[in-house]
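Student: Line by line, the protein sequences give chains A and B. No gaps in the numbering here: position 175 of the first sequence is 177 in my numbering, and each next residue is one more. No gaps in the numbering here: position 126 of the second sequence is 131 in my numbering, and each next residue is one more.
Simulated from the structure, these hints should not be mistaken for laboratory data. Honestly, I wouldn't trust all of these hints.
If you only want the chain B side, here are some residues facing chain A, beta carbon under 8 angstroms, derived [said to hold, decoys possible]:
| no. | residue |
| --- | --- |
| 1 | K38 |
| 2 | T39 |
| 3 | A41 |
| 4 | Q53 |
| 5 | K57 |
| 6 | K58 |
Where is the CB? At the ideal position from N, CA and C, for every residue including glycine.
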Amino acid sequence: MKRMLFTLAIALLLTGGANAQTGRTDGTEESEFGKGGYPFGESRHRFYLNTAFGSGFFDKTDLNNTRTGFLYGAELGVEMDEWIGIQAGYTYLSDREMSIISLGSRFAYVFDPFVYHVSLNAGLYAPKQGDRNFGLAPGAGIDIILHERVRIGLDYKHDFVFSDNRTTNIDRVYAGLKFFF
Amino acid sequence: MKFTIWTAIALLGIATGCAGPRAFTKGTYEDPKTIALLDDRFNENDMQLIAKKVVNSILQAPLKGEQPAIMIGKMRNRTTEHIDMVALSDKIKTALIQSGKVRFVDVTNRRDIASEYEYQQSGYVDPAQAKAPGKQTGSDMILTGTLSANVQEVGKEKLVYYKATFQLTDLVTSEIIWTDEKEIRKAYKKRSIGL
Numbered sequence: 003m004k005r006m007l008f009t010l011a012i013a014l015l016l017t018g019g020a021n022a023q024t025g026r027t028d029g030t031e032e033s034e035f036g037k038g039g040y041p042f043g044e045s046r047h048r049f050y051l052n053t054a055f056g057s058g059f060f061d062k063t064d065l066n067n068t069r070t071g072f073l074y075g076a077e078l079g080v081e082m083d084e085w086i087g088i089q090a091g092y093t094y095l096s097d098r099e100m101s102i103i104s105l106g107s108r109f110a111y112v113f114d115p116f117v118y119h120v121s122l123n124a125g126l127y128a129p130k131q132g133d134r135n136f137g138l139a140p141g142a143g144i145d146i147i148l149h150e151r152v153r154i155g156l157d158y159k160h161d162f163v164f165s166d167n168r169t170t171n172i173d174r175v176y177a178g179l180k181f182f183f
Numbered sequence: 006m007k008f009t010i011w012t013a014i015a016l017l018g019i020a021t022g023c024a025g026p027r028a029f030t031k032g033t034y035e036d037p038k039t040i041a042l043l044d045d046r047f048n049e050n051d052m053q054l055i056a057k058k059v060v061n062s063i064l065q066a067p068l069k070g071e072q073p074a075i076m077i078g079k080m081r082n083r084t085t086e087h088i089d090m091v092a093l094s095d096k097i098k099t100a101l102i103q104s105g106k107v108r109f110v111d112v113t114n115r116r117d118i119a120s121e122y123e124y125q126q127s128g129y130v131d132p133a134q135a136k137a138p139g140k141q142t143g144s145d146m147i148l149t150g151t152l153s154a155n156v157q158e159v160g161k162e163k164l165v166y167y168k169a170t171f172q173l174t175d176l177v178t179s180e181i182i183w184t185d186e187k188e189i190r191k192a193y194k195k196r197s198i199g200l
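Please work from the sequences and hints to get the whole structure.
Tutor: What follows is the structure in structure tokens.
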């Protein structure tokens, strides 16, 4: 899984640098057809890599009688427009030895230098020991724009992990850097 | 715990949302010939496209005589927008003069030129250097133009159409010896630009 995500990241980095074609008015007659938009601002269809470092809070204790655990992970996404994007993520909760592989959408509102966003992800929750389960994770967060291509953010996600008998709740709070390509 | 986290995020959102007034900052110089349609109004790209079509068309047209003299006549803006027609005619005039195919007589500064003649003939200026009326170039043709527009708007879709028609009229015969038009259609989709 980690190798697959690494390959995906490399592919995104290689393809993400391509810019949309912009038109000019000093070309041949009618060469302006189909050209437009605003080429000087942020480009659309940007790929991003979001790193995550934080904690997960479980609604039940583990064998060590603790409810929390360190987490780290990354999300790879594409922003189709300033307000909408899709993303795939991998998160590892080290103390619980649980991997979360997720896929979802992200909606944002930019109020420079802040970006408010909400997301909804569906995921596979795979502990090292025990059954794999499906879950849903709505979330919200705030990014601060440091540079056109770099943001720092604070995110919260609430995971509803569905198993045969009960639903497990996890609260994830993490900070991270987001890089746009 | 959940309540605390959501409350913290909400408070942070409210706090950051109360930032001060917004302003345009950190500008950069950009190539003016790059197409940029930031809103649905007439812009410099439209002006450049019209001027390019008109200039190329005049340069390819068989005009009377060698380097005929042209005067700029009325440039009518029949759209509902405020459009600087002087800037448009200046752009056409500049490109045509630089081509060397035609000459232009200065209509805009006629009053100042006449006033200067009077001053130079008043005795204050060295008679050997004083300029006098009577040797101005007579125009062969007058360049006029009309810009009209049509807007179609339904729901989130909007089409803005401009038609610029220019003509050269022979001042002796009043014949229209050249005319051409540039049509521009721009399509827009409405989107939210704020809260």
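Student: Decide, hint by hint, whether the structure agrees.
Tutor: The hints, checked one at a time:
Using the Cβ-Cβ criterion of 8 angstroms, the hint placing K38 of chain B at the interface with chain A is satisfied: the shortest such distance is roughly 5 angstroms. The restraint placing T39 of chain B at the interface with chain A holds, with a minimum CB-CB distance near 6 angstroms, inside the 8 angstroms limit. Hint status for A41 of chain B relative to chain A: holds, with the closest Cβ pair at about 5 angstroms, below 8 angstroms. Annotation: Q53 of chain B was flagged as interfacial toward chain A, and the flag holds, the nearest CB pair being 4 angstroms apart, inside 8 angstroms.
Because the beta carbon of K57 of chain B sits about 7 angstroms from the nearest beta carbon in chain A, less than 8 angstroms, this interface hint is met. A least Cβ separation of about 7 angstroms between K58 of chain B and chain A falls short of the 8 angstroms threshold, and the interface hint therefore holds.
Checked against the numbered hints above, the structure violates none of them.
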